[in-house]
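Chains as they are written, first to last, in the working numbering: chain A, 1 to 255; chain B, 1 to 332.
Don't take each hint at face value.
Stated by the list, open to error - Chain A regions said to be covered by chain B (calculated; three or more residues, Cβ under 8 Å):
# : region
1 : 50-63
2 : 163-175
Said to hold, decoys possible - Calculated pairs, DSS-like style, for lysine-lysine (alpha carbon to alpha carbon, straight line, at most 25 Å):
# : chain 1 : residue 1 : chain 2 : residue 2
3 : A       : 118       : A       : 141
4 : A       : 102       : A       : 146
5 : A       : 118       : A       : 146
6 : A       : 141       : A       : 80
7 : B       : 326       : A       : 102
8 : B       : 326       : A       : 146
It is worth saying that the hints were derived from the structure and are not from the lab.
Ideal placement from N, C-alpha and C gives every residue a C-beta, glycine not left out.
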Amino acid sequence: MSENALLETHDVRVRYHDTHDALRNINLTFCPGEVTALIGPSGCGKSTFLRCLNLMNREIPHCHIDGEIDYHGQNINTKKQNLYDVRRNIGMVFQSPNPFRKSIYDNIAFAPRQHGIKDRARLDEIVEQSLRRAALWDEVKDVLNKSAYALSGGQRQRLCIARTLAMNPEVVLMDEPCSALDPISTHAIEETIGAIKAEGICVIIVTHNIEQAARISDKTAFFLLGDCIEWNTTEVIFNNPHDQRTKDYLTGRFG
Amino acid sequence: MNDSTLVNNMPNRSATSSGTLHNRANGTRPQDSTRLTKGQIERGGKTLTGICVGIVLITLASLIVMVTAKGLSTFISDGISPIAFLTGQVWDPHTLDASGLPTVGALPMIVGSFAVTLLSCAIVIPFAVGSAIYAVEVNPRFGRRFFRPALELLVGIPSVVFGLVGLTILVPLIRNISGGTGYGILAGSLVLAVMVLPTVTSLVIDALESVPAPYRQSSAALGGTRWQTIWHIVLRSATPGILTAVVLGMARAFGEALAVQMVIGNAPAMPTSLTQPASTLTSILTMNMGNEAMNTVYNDVLWSLALILLVMSLIFILIVHFIGRKSEVKHD
Ligand SMILES: Nc1ncnc2c1ncn2[C@@H]1O[C@H](COP(=O)(O)OP(=O)(O)OP(=O)(O)O)[C@@H](O)[C@H]1O
Ligand SMILES: [Mg+2]
Numbered sequence: 001m002s003e004n005a006l007l008e009t010h011d012v013r014v015r016y017h018d019t020h021d022a023l024r025n026i027n028l029t030f031c032p033g034e035v036t037a038l039i040g041p042s043g044c045g046k047s048t049f050l051r052c053l054n055l056m057n058r059e060i061p062h063c064h065i066d067g068e069i070d071y072h073g074q075n076i077n078t079k080k081q082n083l084y085d086v087r088r089n090i091g092m093v094f095q096s097p098n099p100f101r102k103s104i105y106d107n108i109a110f111a112p113r114q115h116g117i118k119d120r121a122r123l124d125e126i127v128e129q130s131l132r133r134a135a136l137w138d139e140v141k142d143v144l145n146k147s148a149y150a151l152s153g154g155q156r157q158r159l160c161i162a163r164t165l166a167m168n169p170e171v172v173l174m175d176e177p178c179s180a181l182d183p184i185s186t187h188a189i190e191e192t193i194g195a196i197k198a199e200g201i202c203v204i205i206v207t208h209n210i211e212q213a214a215r216i217s218d219k220t221a222f223f224l225l226g227d228c229i230e231w232n233t234t235e236v237i238f239n240n241p242h243d244q245r246t247k248d249y250l251t252g253r254f255g
Numbered sequence: 001m002n003d004s005t006l007v008n009n010m011p012n013r014s015a016t017s018s019g020t021l022h023n024r025a026n027g028t029r030p031q032d033s034t035r036l037t038k039g040q041i042e043r044g045g046k047t048l049t050g051i052c053v054g055i056v057l058i059t060l061a062s063l064i065v066m067v068t069a070k071g072l073s074t075f076i077s078d079g080i081s082p083i084a085f086l087t088g089q090v091w092d093p094h095t096l097d098a099s100g101l102p103t104v105g106a107l108p109m110i111v112g113s114f115a116v117t118l119l120s121c122a123i124v125i126p127f128a129v130g131s132a133i134y135a136v137e138v139n140p141r142f143g144r145r146f147f148r149p150a151l152e153l154l155v156g157i158p159s160v161v162f163g164l165v166g167l168t169i170l171v172p173l174i175r176n177i178s179g180g181t182g183y184g185i186l187a188g189s190l191v192l193a194v195m196v197l198p199t200v201t202s203l204v205i206d207a208l209e210s211v212p213a214p215y216r217q218s219s220a221a222l223g224g225t226r227w228q229t230i231w232h233i234v235l236r237s238a239t240p241g242i243l244t245a246v247v248l249g250m251a252r253a254f255g256e257a258l259a260v261q262m263v264i265g266n267a268p269a270m271p272t273s274l275t276q277p278a279s280t281l282t283s284i285l286t287m288n289m290g291n292e293a294m295n296t297v298y299n300d301v302l303w304s305l306a307l308i309l310l311v312m313s314l315i316f317i318l319i320v321h322f323i324g325r326k327s328e329v330k331h332d
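Okay, chain A solo, but in the shape it has when bound:
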């Protein structure tokens, strides 16, 4: 138990369809202002784990989550937990850039509006701030009323990040946010991750790009076939991993 832990999992176990164990005994801790990378081969349960953290797995009827997920020391993996409160504080960015078929402005204003902010000036402010934080403001400030689909793929993904930041979350989950993007857009998103980390946001990112994990993360967790094999500072994982399987994966000697 670390003192300033924001999000902590205790023996989290996920099953699909009652039979299939997608994750077993995951114990990880995430702190504010810290970037954690989740790495591992395809199908090892990284996305499944990420979707536990904001209870998105609850949207999948045949998915069962056991164990404790503590947010600010409170277990959120309970029947009574208000899902919408959790997701307001723990935002999520998906792999494919999927803005709504609305204007750029309305995409960003969507979450604040849902959460009851109606004042136009306040919304304007949130939209500008969120776009600035996602490094998109200068590119779109004159076309806020255009469809989000007028943007490029990289811009759309930054719009999705801005849309999430508009809720002022404490945690941002990202599932391979750069896998569909070119190196320049990827770089822009990595900059944004650095910037929101500096604001004290806790970022948890799934990536298949080992260099990206090394570049941006403070901690790294290596998953394999539903188990978390090793979790440590990125430096230790990359330079001196304790487990042979981690070493094999990082050196590419692994399916």
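We have chain A; now place chain B with the ligands onto it with these hints.
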């Protein structure tokens, strides 16, 4: 053209190289005969499908030309003023007016047609959208397993059956509640509403289902509740599809003859209330077409009514295309 030459060339190129080897070995050119047959099949197929297209187009064109010519001859050769026809409120073709022409004011039927169409749609929209939301968002299992097949069953029911049920149940019911005969625009609209409801609901379900799943996911991930997601994301993105469904329903209601004719009362008078006997373009057409000899003025006037129907259905189709185009332009 370019495409087909490209496709034709590609296999040929590999055929030449392997064919050359083959030629040297036994001196024949087996590739040639198959190539010829393929070309023949392709040409034959093109001709055959071309003929089909031609027949369809000729049928359509001659239909439009015939209705237009016949419909316009009322005004061109019979000398009835189109304005008097469209705005006249008295329909009495067997009485001649001062200039010796039949009194044919079509406004009562035009109003009747629009009234039943709009009223039936106003009834249909909430039920169609509401049940589609239930079948897609609230209980998709029920929607897929039961509701959808049930709707498909209802779509296939002939309109005369709806008319019959309306005649037996609705007309007496309205008569009991509001007095009068029970025939009229209200009965017509209700029958039409029940009739187009399955079609419109099916189309609205399609529209809701075509909203990409990531939209719902993102909305949930942004802390949107289920109803916020349905209202702000699903319905918004499906609006063009829903509008299209409604317009197609309107087109069907506007053109329906039999079911309406059975319950509307067929009195060619300006409708003053929803429960007075009235008439629509279609009901007057079906009631009278068989009785009038070709080439009489009355017969020509009925063709003019048909022309109005044709033009209206054209307008409905144009609206559907416009909706489709607009939603594409706006977002891609
Ligand atoms: N909705 C679902 N229903 C049933 N099984 C699922 C579902 N989602 C994931 N799984 C299963 O859970 C396991 C872990 O999948 P998950 O998507 O979490 O892997 P991942 O590590 O994110 O893979 P990738 O790197 O390819 O994205 C897989 O075996 C997968 O088949
Ligand atoms: Mg994944």
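Evaluated hints:
1. 50-63: holds (count 3)
2. 163-175: holds (count 3)
3. 118/A / 141/A: 21 Å, holds
4. 102/A / 146/A: Between residue 102/A and residue 146/A the Cα gap is close to 8 Å, so the pair holds against 25 Å.
5. 118/A / 146/A: 21 Å, holds
6. 141/A / 80/A: 41 Å, violated
7. 326/B / 102/A: 14 Å, holds
8. 326/B / 146/A: 14 Å, holds
Violated hint: 6 only; the structure is consistent with all others.
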